[in-house]
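Peer 1: Residue numbers (our numbering), protein chains in the order written: chain A, 2 to 46; chain B, 49 to 814.
The hints are simulated quantities; they were obtained by calculation from the structure and are not laboratory data. Heads up, the beta-carbon is just placed ideally off N, CA and C, and yes, glycines get one too. Treat each hint with caution, since some may be false.
Said to hold, decoys possible - Here are a few chain B residues that face chain A, going by a calculated C-beta distance under 7 Å: (1) 212; (2) 348; (3) 351.
Stated by the list, open to error - Pair by pair, the computed Cβ-Cβ distance ranges are: (4) A/5 x B/765: 23 to 31 Å; (5) A/5 x B/459: 45 to 53 Å; (6) A/15 x B/113: 33 to 41 Å; (7) A/21 x B/356: 54 to 62 Å.
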Amino acid sequence: MDIIFFLLPLALALGGVFVALFLRAASQGQFDDLDDPPQRILEDD
Amino acid sequence: MPAMTEEAPQPPLNSSTACAWCGAQVEGVGVVYCCHGCETAADMVREAGLGRHFERREAPSPRPSGRSAGWEHLPVETAADGDHVAMLRIDGLRCGSCVWLVERVLQGAPGVREVQVSYASGSCALRFDPTQTDLGQLAHRVEDLGYSPRPSDSGVTPDRALLLRLGLASFVAMNVMMSSVSVYLGWWSGMDPRFTSLLQWTNLILATPVALWAAEPFFVAAWAGLRHRVLHMDLPVSVGVAILYGHGVFATFRGEDSYLDSLTMLVALLLGGRLLEQRGRTRAAEAASSLAARAPRSARRVGETGPEDVAPSELRPGDVLEVALGEEIAADGLVTEGEANVGMALLTGESEPRPVRRGDRVVAGGVLLDGGLRVMVEAAGESTLLSRMATGLRSAQAKPTPPSLPDRIAPIFTAATLTVAAATFTLGALTLGVHDTLPRVIAVLVVACPCALALAAPLATAAGLGAAARRGLLFQGGAGLRRLAEVDLVAFDKTGTLTQGEPVVVEADDATLRLAAAVERQSLHPIARGIVAEAVRRGLPIPLAQGVREVPGVGVEGVLDGRLIRVRRGGPGEVIVEGQGRISLRDVIRPDAARTVARLKALGLPVVLLTGDGAEVAARIGAEAGVDEVLAEHDPEAKLAALRRWQAQGRRVLFVGDGVNDGPALSEAHAGVAMGGGAASSVLIADAVIAREGLGPVLAGIFAARAAERAIRGNLTRSLAYNVGAVALAAAGLVNPLVAAVLMPLSSGLVIFGALRVERAVAKEL
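Take these sequences, add in the hints, and give me the full structure.
Peer 2: See below:
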């Protein structure tokens, strides 16, 4: 069971990468407008 | 627009077709246009290679109605590279294809670097090279397509910090919850102390940024509240977070179980609630304030070298202005030349235009419905009547914001919690000894943290604002929602509020209507607009008369099929087509007015018509709408006096109005609702704005406000009951971290459930 001393930090570090990605995306404003992109997806050019 | 063939005109006319741009019925076969504006718009779209718009649009396009002036007087922002950056608000976007079209047309304009139009908000971000184009030219391109651009504040970027904090807090909360569950399971199955310690330290490390950074807004708000000697919900929340975290650090170092799972979950839930509230509020307030933005104005000053366009603020008394058909008078002054009918609907609430001629006085804000004038300026800029009224309103605007019920409870709550904690400690220390009592005191302070209580109001308020906005009523803030829930009397203004504000044809035969519409088609006069609207409604193809000219003070004439058609505007509400027949028009109540009034009365709210108009008209409109009481011949001061009288009797009045002259009443009343098409100043001052046709949104708003208020009260009862019960358990020593971890989210869940019911309650009532 001692493997948990390695796995727990590893799992948290992986999770941390995704949190960092989210924080980056959010501070770039990717979540500012959630209503328009669905309207735009049908534009074919 | 579907053709209403069953009401086909008599005698049979040439075949009728829908205008290929705006869909109005016109005579002709194949691709036809109702007017030059529509044809230009369609040509522009085809020449730009955007013909696909015609297949993809979901509704006929709006009819172009001329260009606005004065854009060059607007201040523009200059980016670092010399480009100009501007923000427009575009009205009339009806589908995704409209957005696409506007973007493409603007992109195709010379000098435009970047365009982004938002369908949801109608905002348009522009970046262009000022040496090749200017904002006016770009705005005119949009107007030529039939959409209405207005200047807008540069884009408000939503507060991203809250989302960042919520993201981190949610991630941490879920992970801390998982490792805590492992620790709790270890109580029964046994766990190597090394693992327990690992998990406890993991929890502390994860929870630290949540307590110190993500929860910062609560500490900041609580501190600000303390400094201003206002106690609100953020104070007990901050105290709770501080105690939970402090205990967590202490317990982890001693190898004991902590409440860190409850802490992180609580912060995540509270941040989520706050984010929802903020998004709902800013969206509604932004939409409401955009309804108040108007196209810029400019004035044509007659100088020594001929007429020149200037900003209204540059006018000085003594200047001479030239005002043409359809333009707005930019200053107060004296008519020196010309004759015209001036529409003052937004200023005085009167729908009937006022005829003016040489020697008469006109005020800024009036619109020329026919003719043309030269006006000598007597007062300009800030000193015009219009400006003075608007300024007076703004200074009176600061309505005190009543603290919400949870905020009023907060100090009592904190005091009660501290008392119970102190009592637990004293009693426990005497009977059990200090060492055994401390965990109980901690437990009391922990479970007393009013998470559910703090979520109660924001969630229900956001739900109420959202439910109202979806039904066409935009609130400027949560306080307005609270006030609307409390009203017990509703007063309506007449013209433009209870009525449509424009004359509607009540009696005419098709042939007369067709001839009148043919000559009145290009006119801006409200009577002309009423006639054309009725002809379109009946599906009559409207021919285009030749040589149409306004005969000032009399009416309009033009030639159709070789015959001279003279349309005389007779007395109020009567139009005579010479040699053909007459048309009666009246300002009628809005189609949903009677129904709305009846529903308001069914709710037990007396409805009053409060108007400056004469007793006879007011009585007729009042009877049609079915109001309880009619107060006629009330000028703005008398309206204010009536409102004050009611409020002195303890009544809480909702006033619904639209004009500049309604501003004082809107701000004096307990709650004020403005019509979206009304004067900008009334839109800005009201608690809420109706963003669509009709009065139905008022009713929806009252239901939403009441449902939100009920939800807040229900939530308060539930969360207080939870807190009292949990504190009692904690004082008795029955609460440990596991029990707290189950109880806290449970109570918050109850509150969320309560808020979700707001939308359903409103849907059921309507």
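Peer 1: All hints are to be evaluated individually against the structure, with a verdict given for each.
Peer 2: Hints and how they fare:
With its C-beta approaching chain A no nearer than about 5 Å, residue 212 of chain B sits inside the 7 Å limit, and its interface hint holds. Interface restraint check: residue 348 of chain B against chain A, minimum CB-CB distance 39 Å, threshold 7 Å, status violated. At a threshold of 7 Å, the smallest CB-CB gap from residue 351 of chain B to chain A is about 46 Å, leaving the interface hint violated. Between residue 5 of chain A and residue 765 of chain B the Cβ separation comes to about 45 Å, which falls outside the hinted range of 23 to 31 Å.
For the hinted restraint 45 to 53 Å between residue 5 of chain A and residue 459 of chain B, the CB-CB distance of approximately 47 Å keeps it satisfied. Remark: the range hint 33 to 41 Å for residue 15 of chain A to residue 113 of chain B is contradicted by a beta-carbon distance near 59 Å. For the pair residue 21 of chain A and residue 356 of chain B, the beta carbons lie near 59 Å from each other, so the given range of 54 to 62 Å is met.
This entry does not satisfy hints 2, 3, 4 and 6, going by the numbered hints stated previously.
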